[in-house]
Amino acid sequence: MSTKRKGTLNKEIIGQAIIDACKKLDPRIMARNPVMFVVEIGFIITLLLSIFPTLFGGTSDRGYNMAVSVILLVTILFANFAEALAEGRGKAQADSLKKTKQDTKAKLFQKDGSIKIVDATELRKGDIVLVETNDLIPTDGDVIEGVAAVDESAITGESAPVIKESGGDFCSVTGGTKVISDFIKIIVTSDPGESFLDRMINLVEGAKRQKTPNEIALSTLLVSLTLIFLLVCTTLVPIASYIKVTLPIATLVALLVCLIPTTIGGLLSAIGIAGMDRVTQFNVIAMSGKAVEAAGDINTIILDKTGTITHGNRMASAFLPVKGVSEAELNKVAVHSSLHDETPEGRSVIELAKKFGLSDGELDKTGTEGIEFTADTRMSGTDFSDGRIIRKGAADSVREYIQQQGGKVPGDLESITNKVATAGGTPLVVAEGNRVLGVIYLKDTVKAGMRERFDELRKMGIKTVMCTGDNPLTAATIAKEAGVDDYIAEAKPEDKISVIKQEQAQGKLVAMTGDGTNDAPALAQADVGLAMNTGTIAAKEAANMVDLDSDPTKIIEVVAIGKQLLMTRGALTTFSIANDVAKYFAIIPAMFMLAIPEMKALNIMNLATPQSAILSALLFNAVIIPLLIPLAMKGVKYVPMSASRLLTKNLFIYGLGGVIVPFIGIKLIDILLVMLHVA
Amino acid sequence: MDFLQIGLVLALVIILAIPLAKYLVNVYSLESTKQDRMFGGLERGIYKLSGIHTGDMNWKQYAKALLLSNIVMFFISYLILRFQGVLPGNPSNIGNMDPLLAFNTAASFLTNTNLQHYSGESGLSYLSQMVVIMFLMFTTPATGLSLCMAFFRGLTGQRSMGNFYVDLIRSITRVLLPLSILIGLVLVSQGVPQTLDPTAVATTLEGAKQNIARGPVAALESIKHLGTNGGGFFGVNSAHPFENPNGFTNILEILSMFLIPVALPLTFGYMAKNKKLGWILFSAMGLMFLVFLSVTYFSELNGNPSLEKMGISQENGSMEGKEVRFGIAQSALFTAVTTAATTGTVNNMHDTLTPLGGLVPLAEMMLNCVFGGDGVGTVNIIMYAIMAVFIAGLMVGRTPEFLGKKIEGREMKLIALTILLHPLIILVPSAIALATQMGTSAISNPGFHGITQVVYEFTSSAANNGSGFEGLGDNTPFWNISTGLVMLFGRYFSMIALIAVAGSLLTKKRVPETIGTFKTDNSTFLVILLATVLVIGALTFFPVIALGPVAEWLTIR
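Chains A and B, in that order, give the protein sequences. For the record, in the first sequence the residue sitting at position 27 is 27 according to this note's numbering, with numbers rising by one throughout. For the record, in the second sequence the residue sitting at position 157 is 836 according to this note's numbering, with numbers rising by one throughout.
Possibly wrong hints are sitting among the right ones.
Stated by the list, open to error - Label-pair distances were calculated between CB atoms; the ranges are:
1. B:Asn1124 x A:Asn606: 49 to 59 Å
2. A:Thr609 x B:Pro698: 56 to 66 Å
3. A:Asn606 x B:Arg1089: 27 to 37 Å
4. B:Lys988 x A:Ser241: 21 to 31 Å
5. A:Pro192 x B:Leu747: 55 to 65 Å
6. B:Ile693 x A:Thr553: 46 to 56 Å
7. A:Ala31 x B:Pro984: 47 to 57 Å
8. B:Pro984 x A:Ser241: 49 to 59 Å
9. B:Leu1164 x A:Asp486: 33 to 43 Å
10. B:Leu1164 x A:Ala31: 25 to 35 Å
11. A:Ala524 x B:Arg1089: 20 to 30 Å
12. B:Ser801 x A:Ala31: 55 to 65 Å
13. A:Lys492 x B:Arg1089: 35 to 45 Å
Think of the hints as simulated: they come from the structure by calculation, not from any bench. Nothing here was measured: the structure is a model prediction, and the numbers come from that model. Virtual Cβ for every residue (Gly too), placed ideally from N, Cα, C.
Construct the entire structure; sequences and hints are all you get.
Below, the structure is given as structure tokens:
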């Protein structure tokens, strides 16, 4: 249905990322990431030492200093590359959006009613413009006059045009979309630079990217770990000097860089950007990273019944004949009434009849003529060449029709139609000639796979609440069928907001979807409000996410993406910190082995020489960053399951793996270095 | 036999800790309990006499009350020490303490550290022993317990943080005083002196004159352990036969110093209405303790290779610096317990422990959360638990929560500072001491062992333990000032930071627990918690440990 906004990694993006990675070496930019900034300082120190080996007194090995400094530079570049790559994907998307924001001209109404052509950028809130066929809509606004088909593919990727008209929920138009038929008059609702398109470009570009609360907290932890290890390494010099051990500065720098959490420090912002990006690829625009993070924490999701949980269009679910008519006869006539009916309801009648054993012969259309539904008759049907006239339609119109034809309405018809209506269904009465045969029970049906989705949500500990205007009986039926945890029947718009407040009072985070102006307060109240792009401007402004495909079920995926983002962050932090164990066992014996030969006992990896041990640990530390870039970008694989199982699984992979992998990695690099006679 | 002894003592600790844990819940209950009938009258009298308002406090008021009362105690103690020579209660005619030593001593006892740069029998008058030392020995564990309870209340979402003065007084009237009277009497029955008579003079068989120091020892001895204080009446502490005459008193002293720290995680579990969580915290600390105990026990049992080379039999283990009446098992157990509970009392010379045996007390104090001192140890392990939740909790795809409260930037900042401070106040002064003459001149045993001596001194100060590796000539201005400051920072910074964490968590809305919530009361969390303590806590000190005890061990092997 929709073309996915794929942020594919092409050569261009990678090339640009390499250039950006170098640009980011600027210390002013690096200082924003304290962990990597420490690495850069280490790089500068070792670089100076490779040029002036005696700079800080004593002698030092020039080649070794150079090796350390090169590895450090590469480490920084890898981390910068990860960030640049994530940003690059966002930029590519922004560029495609910018293309739609060409130098648009607008037909502005003057006070005297005449029209003046102005630049779109000159439009202010409250201006009224005319947009005709093949014109681009200059900026965001509401339709005040006219009806037009609008191509919104530039924003949504959805090629089918959307009808926009004044009043109601289809009055808002977005700048950069195109009118493809008729004309509309629009009142401008945003000043230049603030339109939806502008904000979207900003968002995907990451220009205004602010650190999310969890990212800030995590950065605090990483900075404090960095400080601790800085402390450990600097105090080691005087302590070691007491027993007459002098430590080469390059080795100390290497120890420091290995111990501070460079892996997560280097990938943290890339994870954040990539998380937002995954949401965008999903054709959902999140107004902030905070919203995506909050999505992971959602406890309750409020979903509208119609269109979200159910198809909204009703399907035939039973044939109910009146007294004196056999079910088989009703089936047959119902099928005949729907031979030319291509609406979903019509097709569902045939589908249902097939279940009851419809013979293909009944579907022969020869010698029949379809009668279309009109607002006047409110019936449709089929005329046969042998004179049979079959009609189906709403109960009162068929009743009226039968009476006009001089027929008699069966006594039990009303009780049948009432029964169907109270159960939340729609009765469709079938008549042949002037005789009523019975009722087709049309029922709103639950979308395929919803039950499984709700089961998954339950596994994640998320409660689903269905909101519907139906009576409690119908609501209960659908709720049970769909497998939602709770429902609100006969819901008014203000009920949604009170449910949200109730849940929030218990400390829960609530997500909801909506599109109408009357949903706006609830969307604003919810922790994650997903507005449909087809919705009103008010709804979109109140929400913190907008779904360009206007598919309300996507809220579920958004939650999964939020969780995935947090999991990725946690997994890489755990991995990064767990790595320290092996690095210690590589570097500490290497540092002291010359002065204290007995330290060899701690060299449990049996690394060749002190220098090769230190360089191997440092190389591992550098190489692991690009190896983890794909994981940071794609996110940790997420399968809905209980927190305990999820934790055990991730702990096993990233915790235990984080301890073991570097032991193997460092040993392999050491073997390689020896083979290459580098150290 | 050794295992039976050790096992029996540890089993006794657990058996006694469970009822004590429940008792403590009621002691600090914000609602009225049956205990009020027994203690209420006395306490109301104290409140009236001292003009205490018993209303609820927020965390800032609580912290302020804690700090102010401690500052007042500090100055009173300092003045008494300075002028003990002219004050009454000085039958043995002991002189005034000099300013820096008085600063160090006041700081040491105020912070529940009880690092002693003086020798009790010759440095303190009876008045100082009773009014300064014993007074602080009651008030400082009471301060620790109060802080701990305020912290628990914040985390478990109780009505408020409580009232510092009420907590302080209840700690003394309902916990420390009754228990210490009981233990004191038992100690007297075992021959521990309790007298205000001056030093006894005896004539030995050879006709020489011998001064036998004595005094109100039993009273001090009981609260010394119960309050995880550790400052001995005599210089050699619990190795002295008057402080710790026999195997029974040794066990009693181990029990009394371990009891409250072991009960507290369980108390937390009861208060959080999650008994299992209490047991998980207990198990985390218990497992670490068992590992440490085994290392020190087997290391001592195997003897000292250097002595063996000199032809001294090590068949019965390394007995250098140990009392024959306690032997390896009771000495190793005492060492492991005293540094776990950061009491700092010693029944053997830690300086003469084998390198790995000596690593154990050092490591326990570096972690500072293997049960820990009254109140503060449990607070520390919970801090590590919050940290563990923060790191690993993300892996379930939710922002981290502990007991239903979100852990956010503010809490992480405070915890990060606390975690940072501990290595800072150990490593920086150690580095200064080892790099300068004023530090190195105190070292009696240069080389790797010298590093251990210095690092031990500061670790003991920072962890508010107070045991000395000894062998360090530490009554000098440098050591008095540096350790004094380290003790004060080690105690008060983390107290204030963590009470702020609790205060911040208390105001947060509780997120209901679902199947998607990170569970902190199962064995997975136990593993995560242990890993966090080891990786964050232990790796920080790995280099210095490698240069100290580990290098020593590797070179004398």
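A quick look at each hint next to the structure:
{"no.": "1", "hint": "B:Asn1124 x A:Asn606: 49 to 59 Å", "in the structure": "33 Å, violated"}
{"no.": "2", "hint": "A:Thr609 x B:Pro698: 56 to 66 Å", "in the structure": "60 Å, holds"}
{"no.": "3", "hint": "A:Asn606 x B:Arg1089: 27 to 37 Å", "in the structure": "46 Å, violated"}
{"no.": "4", "hint": "B:Lys988 x A:Ser241: 21 to 31 Å", "in the structure": "29 Å, holds"}
{"no.": "5", "hint": "A:Pro192 x B:Leu747: 55 to 65 Å", "in the structure": "59 Å, holds"}
{"no.": "6", "hint": "B:Ile693 x A:Thr553: 46 to 56 Å", "in the structure": "54 Å, holds"}
{"no.": "7", "hint": "A:Ala31 x B:Pro984: 47 to 57 Å", "in the structure": "52 Å, holds"}
{"no.": "8", "hint": "B:Pro984 x A:Ser241: 49 to 59 Å", "in the structure": "27 Å, violated"}
{"no.": "9", "hint": "B:Leu1164 x A:Asp486: 33 to 43 Å", "in the structure": "59 Å, violated"}
{"no.": "10", "hint": "B:Leu1164 x A:Ala31: 25 to 35 Å", "in the structure": "32 Å, holds"}
{"no.": "11", "hint": "A:Ala524 x B:Arg1089: 20 to 30 Å", "in the structure": "25 Å, holds"}
{"no.": "12", "hint": "B:Ser801 x A:Ala31: 55 to 65 Å", "in the structure": "57 Å, holds"}
{"no.": "13", "hint": "A:Lys492 x B:Arg1089: 35 to 45 Å", "in the structure": "39 Å, holds"}
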